[in-house]
Amino acid sequence: MGSTTYRLTCLSPVHIGTGQQWSKFDGAYHEGRWYVVDLDKVFALGVDGNELAQAMGSGAFSWTEWLRGRRISPEQVALYSLPCAQPPGEVYIREGIKDVYLRPYIPATTLKGAIRTAIVWYLLRHDEQAKAFARRYLILAVYAKDIGQIVNRLAKGNRQAEEDPQLHLRAIREALELDDTQEAEVFLQTLYRALGKHLEGARRGDRHERVRMRDIRDLGSDRRFLALPVERYLLGKDPNHDLLRVLQVGDSETTSLEQMEVGLVWTYHLDSSGKLQPKREQGMEYRSLAEWLKPETGVRLSLRIDENLFSEQANKVLRFHEAQKQAIHRLPEVCNRYAQAVIERQRTYAAQHHQPQLQEFYERLRQKLNGLPDGALLLNIGWGGGWEAKTVGDIVQEILRDDQLGENPQKGNINPDAPFPETRLVGYQGGAAAYPLGWVLLEPVRG
Amino acid sequence: MPNLMLKGKVIITGAIEAVTGLHIGGAAAGLDIGGIDNPVIRHPVTREPYIPGSSLRGKMRSLLDKHLGLEANKFIQRREPVVRVHECDDEEKYLQCPACQIFGVTPGDQRRDWNRLKPSRLIVRDVLLSQTHEATRRLREAKTDLPFTEVKWEAAIDRITAAAVPRQNERVPAGAVFSPFEMVYNLFDLNGTGIENDIQWLTHLLKAMELLEDDYLGGYGSRGAGKIAFRELKVLFKSRAYYEGKVDKPIVLGEGDTLRDLNVSQFAEKIRQNLGD
Ligand SMILES: [Zn+2]
Numbered sequence: 001m002g003s004t005t006y007r008l009t010c011l012s013p014v015h016i017g018t019g020q021q022w023s024k025f026d027g028a029y030h031e032g033r034w035y036v037v038d039l040d041k042v043f044a045l046g047v048d049g050n051e052l053a054q055a056m057g058s059g060a061f062s063w064t065e066w067l068r069g070r071r072i073s074p075e076q077v078a079l080y081s082l083p084c085a086q087p088p089g090e091v092y093i094r095e096g097i098k099d100v101y102l103r104p105y106i107p108a109t110t111l112k113g114a115i116r117t118a119i120v121w122y123l124l125r126h127d128e129q130a131k132a133f134a135r136r137y138l139i140l141a142v143y144a145k146d147i148g149q150i151v152n153r154l155a156k157g158n159r160q161a162e163e164d165p166q167l168h169l170r171a172i173r174e175a176l177e178l179d180d181t182q183e184a185e186v187f188l189q190t191l192y193r194a195l196g197k198h199l200e201g202a203r204r205g206d207r208h209e210r211v212r213m214r215d216i217r218d219l220g221s222d223r224r225f226l227a228l229p230v231e232r233y234l235l236g237k238d239p240n241h242d243l244l245r246v247l248q249v250g251d252s253e254t255t256s257l258e259q260m261e262v263g264l265v266w267t268y269h270l271d272s273s274g275k276l277q278p279k280r281e282q283g284m285e286y287r288s289l290a291e292w293l294k295p296e297t298g299v300r301l302s303l304r305i306d307e308n309l310f311s312e313q314a315n316k317v318l319r320f321h322e323a324q325k326q327a328i329h330r331l332p333e334v335c336n337r338y339a340q341a342v343i344e345r346q347r348t349y350a351a352q353h354h355q356p357q358l359q360e361f362y363e364r365l366r367q368k369l370n371g372l373p374d375g376a377l378l379l380n381i382g383w384g385g386g387w388e389a390k391t392v393g394d395i396v397q398e399i400l401r402d403d404q405l406g407e408n409p410q411k412g413n414i415n416p417d418a419p420f421p422e423t424r425l426v427g428y429q430g431g432a433a434a435y436p437l438g439w440v441l442l443e444p445v446r447g
Numbered sequence: 448m449p450n451l452m453l454k455g456k457v458i459i460t461g462a463i464e465a466v467t468g469l470h471i472g473g474a475a476a477g478l479d480i481g482g483i484d485n486p487v488i489r490h491p492v493t494r495e496p497y498i499p500g501s502s503l504r505g506k507m508r509s510l511l512d513k514h515l516g517l518e519a520n521k522f523i524q525r526r527e528p529v530v531r532v533h534e535c536d537d538e539e540k541y542l543q544c545p546a547c548q549i550f551g552v553t554p555g556d557q558r559r560d561w562n563r564l565k566p567s568r569l570i571v572r573d574v575l576l577s578q579t580h581e582a583t584r585r586l587r588e589a590k591t592d593l594p595f596t597e598v599k600w601e602a603a604i605d606r607i608t609a610a611a612v613p614r615q616n617e618r619v620p621a622g623a624v625f626s627p628f629e630m631v632y633n634l635f636d637l638n639g640t641g642i643e644n645d646i647q648w649l650t651h652l653l654k655a656m657e658l659l660e661d662d663y664l665g666g667y668g669s670r671g672a673g674k675i676a677f678r679e680l681k682v683l684f685k686s687r688a689y690y691e692g693k694v695d696k697p698i699v700l701g702e703g704d705t706l707r708d709l710n711v712s713q714f715a716e717k718i719r720q721n722l723g724d
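If you read the sequences in order, they're chains B and H. The opening residue of the first sequence carries number 1 in our numbering; numbering runs sequentially from there. The opening residue of the second sequence carries number 448 in our numbering; numbering runs sequentially from there.
Take the hints with a grain of salt, since some may be wrong.
Claimed, not checked - Pairwise CB distance ranges, derived in the manner of DEER restraints:
#1 B:Glu90 x H:Arg707: 51 to 59 angstroms
#2 B:Glu360 x H:Thr650: 57 to 65 angstroms
#3 B:Thr9 x H:Tyr690: 53 to 61 angstroms
As the list claims (entries may be wrong) - Sample of chain H residues at the chain B side, in silico, Cβ under 7 angstroms:
#4 Trp600
#5 Ile604
#6 Val612
#7 Gly671
Please keep in mind that the hints were generated in silico from the structure rather than gathered at the bench. Here a beta-carbon is modelled for each residue, glycine too, at the ideal position from N, C-alpha and C.
Take the sequences, apply the hints, and build the full model.
Here it is as structure tokens:
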């Protein structure tokens, strides 16, 4: 299979951030539009820089007022402008990605990230051994601090003892209250693998394979990398051996700024009666604004599978197994199975918690998914799709629940309490709740 | 003592267009770059991004190796990440191997004793950002993060917690044009055995260019960067007779805006007819 061209269509607003947020110092709101101010253009009008700096330092600064006072139209000094759902006031605006010529597009990294999540989910769903690895790893992460303390106690400050795999085995047995030595041994293997070390090597005394007490104690403590050992297990030990190297995703073609607007996103949470409602706390409204691509926006992009990496020769180094190859070759199915699971959970949640707009959106999405043409697929990309659409959290929650460890996998070293997830982001249209963000349809373009 | 004679040069010139953003990695952030995680390589004098000839050449070679099914047998780097390329170990095989003949082999090891070893046919020069192209003017006027480049922020999302790790990546924006690029392919006659193979293998070089257009140059290729197109192409043949002043003009083998516009199949015959000896 060579390169395939797809047409991507936004089914809900899509916001892909740049890491930048516009504040009132960056632009002006005027008659329904947001103008990002280009300082070069302001100074080209002969404005005194010191005077402007002083005005900005005054606290009550507003570009809208400042420009009006000097009879300068926002248009005159704008880098660009977009329709804007409401005056931003003190609310930040999340900038949406555009190329250097201010043309929005969908970056390959965003698409690839979403596809990667679907593949990880699919492989984990269909591989009992991988799921067993993930389960043991998560249990170790929950008990990491305990195991670390036991290692500390048993080693009595002896550095060499601290790094002895036999001692680690004892600590695991004790912390997890395991009677079965064989099971403890499998947990020990999991621990070493999760830390990227070889247990056999450590037993032979290889310095590079040593596991320190601190490594054990910190296992799973950084929530930014909690899933990494599971991903490595499923896809490859490092970026050079990673399955996703096979998939070459292109940046999408660009579209025009006309397709972009500043939309309102409100954080919803469960109120005391169990309804999913806009979050307001102590007079504070949990609103944000984001430059998003409007629903119906379409762009083309291409995906290519580099079959060379599955060749006999490459196989000597990469050794991708059959399930991994299948996941790549049956990509639309893999992505759609994942989308289905996400949609189903979100739909149920919205129904249970009386949020009719979201429920309706997911109903329609489900119908769309069931009637997809051959080779087409649904993905959730960018910001605002929710924790469910970015993670393999459902499988993790199942594991945590089965082992009665709780169900909140969000925290590092996993906090087993607290209901999770507590919030949803809801995109507004015409002042009313309308949809979650980030759902796109990819259809292969024939001929 | 082997007798080597240059019978002519094929010179391919043109432009390289970045169809997607291009990231050819430079040295890790120097002070003058301002702390970018993944900077692009810049010309030491002009500070403008450029495409090193070695990057172009290396990528074309590895694509041709794969295309011809040649085994990557030589370790460039043994520790992880292991890097391997193809190089013939056997003189008889070498004589029949377009990749080794076009791109050359390192003269070390037992190859010193081969008496039919030719120098590499191909020279690929560095390609600078075009000084005359409209694209460069537009890029100069655009609001770029750094001169001629954009710094793209990305977030790696943890697949259990959804926590984000931001990272940044500098690249030359899509649409940038690098020119002129120049590749010189030498036709060598060794010990009077003629240059027929050299002539025929020219098609492999053009194949390697085509393979590169279908692949990517530089980093982050599997994530959208590095798609390029060869443009404004001109392929000239300068025979030995030309260099000796017996012929006053180089022969145009082909010309066109894209690789597909070149009539590659006629190159060999045109060269044979114009060797001038
Ligand atoms: Zn060879």
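So, going through the hints one by one against the coordinates:
{"no.": "1", "hint": "B:Glu90 x H:Arg707: 51 to 59 angstroms", "in the structure": "56 angstroms, holds"}
{"no.": "2", "hint": "B:Glu360 x H:Thr650: 57 to 65 angstroms", "in the structure": "60 angstroms, holds"}
{"no.": "3", "hint": "B:Thr9 x H:Tyr690: 53 to 61 angstroms", "in the structure": "59 angstroms, holds"}
{"no.": "4", "hint": "Trp600", "in the structure": "4 angstroms, holds"}
{"no.": "5", "hint": "Ile604", "in the structure": "5 angstroms, holds"}
{"no.": "6", "hint": "Val612", "in the structure": "5 angstroms, holds"}
{"no.": "7", "hint": "Gly671", "in the structure": "3 angstroms, holds"}
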